[in-house]
Amino acid sequence: MRSPHKTGIAVIGGGIVGASVAYGLAARGEKVTLFDEGDIAFRAARGNLGNVWVQGKGAGGPAYADLTRRAAKDWDDFAHDLGAESGIDLHFRRPGAFFFCFTEAELERRSKTLTDLDAQATVPSRFEVMDNAGIRRLLPEVSSAVVGATFCSDDGTTNPFHLLRALLSVFERRGDYRPGHPVARLAPDGSGFRVETPQGDWLADRVILTAGLGNKELAPGLGLSAPIRPVRGQILVTEKLKPFLRYGISFIRQTVEGGVIFGESSEEAGLDDRTTPDVIQTTAQRAVAALPLLANAQVVRSWAALRVMSPDGMPVYAESAAHPGAFLVTVHSGVTLAPFHAGPLATALSAGRLDPAWQPFSSDRFSVPAS
Amino acid sequence: MFQRLDLREFDTSFTFAGRAIPAREGENLAAAILRADIKAFRSTPRSGAPRGPYCMMGVCFECLVTVDGEPNRQACLETVHGGMVVEPQAGAAEINR
Ligand SMILES: Cc1cc2nc3c(=O)[nH]c(=O)nc-3n(C[C@H](O)[C@H](O)[C@H](O)COP(=O)(O)OP(=O)(O)OC[C@H]3O[C@@H](n4cnc5c(N)ncnc54)[C@H](O)[C@@H]3O)c2cc1C
Ligand code: FES
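Same order as they appear, the protein sequences are chains E and Z.
First residue of the first sequence: 1, per this note's numbering; consecutive thereafter.
First residue of the second sequence: 372, per this note's numbering; consecutive thereafter.
Treat the hints as calculated values from the structure; they're not laboratory data.
Don't take every hint at face value.
To be verified - Label pairs and their calculated CB-CB ranges:
#1 122(E) <-> 428(Z): 53 to 59 Å
#2 311(E) <-> 425(Z): 45 to 51 Å
#3 76(E) <-> 390(Z): 45 to 51 Å
#4 191(E) <-> 428(Z): 53 to 59 Å
#5 184(E) <-> 420(Z): 42 to 48 Å
To be verified - Quick list of in silico lysine to aspartate or glutamate cross-link-like pairs, EDC-like style, CA-CA up to 20 Å:
#6 6(E) <-> 128(E)
#7 242(E) <-> 380(Z)
#8 112(E) <-> 128(E)
#9 6(E) <-> 172(E)
#10 31(E) <-> 273(E)
#11 242(E) <-> 433(Z)
#12 6(E) <-> 30(E)
#13 242(E) <-> 465(Z)
#14 242(E) <-> 458(Z)
#15 73(E) <-> 128(E)
#16 6(E) <-> 201(E)
Claimed, not checked - Incomplete in silico selection of chain E near chain Z, CB under 10 Å:
#17 243
#18 246
#19 258
Quick reminder that beta carbons are idealized off the backbone N, C-alpha and C, glycines included.
Use the sequences and the hints to build the structure in full.
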């Protein structure tokens with residue numbers, strides 16, 4: 001048998017989360033190998049909406065609200081620096097975004113949720129509650145069926161493909177990128193860890209799990225637990241149209257290239273990432289209900305992707321107690337949180353120690369104490 | 372570049388960018404334009420680069436044209452009707468309000 005390759009830090013999974021972490025670690029001088037699967041894997045990084053989304057994030061967990069708000073604020077510098085380093089424009093824009101409500105009751109619930117959240121969060125993020133006339137002043141295209149909205153100027157969008165490509169292209173200058181290297185097994189080995197792939201084994205001093213849905217199977221081998229599940233989302237995109245949508249709407253946005261992307265389904269569909277006619281139809285109807293002129297736009301493609309969801313929807317940042325040096329990073333909003341993963345989290349992982357302030361994100365919260 | 376195998380006379384015509392193109396009623400629009408030695412059907416929304424049919428089967432969206440005022444029609448999926456007015460798709464379309 002060939003003797004194993006050696007690396008400093010093995011990052012397992014090259015989605016937006018793994019690419020952000022690997023990029024950040026390499027920038028801090030670490031010797032990093034980034035393992036990823038091939039094109040037919042489940043890859044949320046290649047199927048998401050591209051929102052940098054703040055409003056409403058962290059309801060029920062103020063630590064998550066603060067984490068999101070800080071990361072979102074860092075997006076301007078992050079997009080600028082990564083864009084300059086990679087030569088790739090991330091298409092980051094922050095015009096602010098609406099969350100549309102179709103009934104009075106929904107609007108009331110929504111503004112209460114945001115008000116409560118604001119009282120608990122320590123990092124400020126302003127929002128406004130608007131009625132239909134208020135929305136119309138900013139967005140004349142809105143339907144009269146929309147009763148009101150919450151609007152937050154911290155919400156923005158990016159092109160998630162450009163983000164991923166920029167992270168990987170800068171990473172590749174300093175680190176070892178291994179697409180087509182699915183990790184079959186991970187286990188402690190001596191003072192480090194053994195990473196087994198069909199193309200050979202690697203010995204790493206440290207290992208970081210960022211395999212999205214793949215974390216669930218890989219985590220136990222390292223004494224970690226990733227009780228995540230897939231939650232399907234279906235998305236449609238229209239033909240390219242001249243820019244007309246000046247603001248984001250939670251489930252609708254126009255890309256810099258001109259396509260209008262919309263989707264909002266949240267489905268418990270297991271590992272099935274196919275689209276279904278009923279959800280596609282409802283999604284299109286809801287989009288037209290919000291912006292009637294979308295009835296004149298031709299949809300050219302639709303797809304589905306699987307979210308990587310924890311039981312409470314919050315991120316998991318954990319180090320293995322049994323095998324120190326093994327870390328788990330799994331989140332739902334990997335686009336929004338990219339500046340945190342490439343920044344403060346990478347600094348901590350480089351030092352080999354998570355910040356105690358991130359205790360609310362440890363996986364301890366999922367274990368039921370024995371009675 | 373392209374030639375009709377069937378040399379029967381054309382029985383109709385339409386215009387592309389103002390130029391009259393002889394054709395047969397009901398034939399494929401992209402094929403008729405290509406036969407007139409026109410390769411640039413549209414310009415891209417991002418860089419304005421010229422593009423023409425690539426797949427001829429409805430999947431690549433490279434063959435976009437405006438047909439009788441309707442933007443972003445796939446020429447490879449349209450049939451020719453006498454008198455139809457076809458324009459190149461210049462960049463992104465304006466949404467109909
Ligand atoms: C429909 C939808 C809409 C979304 N919208 C937004 C949004 O607007 N804003 C936002 O911030 N987030 C959004 N997200 C979430 C976002 O896409 C993810 O958080 C992001 O993709 C990062 O996820 P990830 O890197 O953990 O997982 P993935 O992108 O799934 O990457 C995991 C990678 O690990 C690889 N892998 C798995 N197992 C192994 C193994 N054994 N060996 C090697 N590699 C392995 C996979 O091939 C994959 O490439 C959305 C997600 C979905 C599905
Ligand atoms: S040539 Fe490909 S869609 Fe028409």
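Okay, the hints, checked on the actual structure:
no.: 1; hint: 122(E) <-> 428(Z): 53 to 59 Å; in the structure: holds, 57 Å
no.: 2; hint: 311(E) <-> 425(Z): 45 to 51 Å; in the structure: holds, 47 Å
no.: 3; hint: 76(E) <-> 390(Z): 45 to 51 Å; in the structure: holds, 49 Å
no.: 4; hint: 191(E) <-> 428(Z): 53 to 59 Å; in the structure: holds, 58 Å
no.: 5; hint: 184(E) <-> 420(Z): 42 to 48 Å; in the structure: holds, 44 Å
no.: 6; hint: 6(E) <-> 128(E); in the structure: violated, 53 Å
no.: 7; hint: 242(E) <-> 380(Z); in the structure: violated, 41 Å
no.: 8; hint: 112(E) <-> 128(E); in the structure: holds, 12 Å
no.: 9; hint: 6(E) <-> 172(E); in the structure: holds, 17 Å
no.: 10; hint: 31(E) <-> 273(E); in the structure: violated, 35 Å
no.: 11; hint: 242(E) <-> 433(Z); in the structure: holds, 17 Å
no.: 12; hint: 6(E) <-> 30(E); in the structure: holds, 13 Å
no.: 13; hint: 242(E) <-> 465(Z); in the structure: holds, 5 Å
no.: 14; hint: 242(E) <-> 458(Z); in the structure: holds, 17 Å
no.: 15; hint: 73(E) <-> 128(E); in the structure: holds, 18 Å
no.: 16; hint: 6(E) <-> 201(E); in the structure: holds, 9 Å
no.: 17; hint: 243; in the structure: holds, 8 Å
no.: 18; hint: 246; in the structure: violated, 13 Å
no.: 19; hint: 258; in the structure: holds, 4 Å
Of the hints listed earlier, those the structure fails to meet are numbers 6, 7, 10, 18, in rising order.
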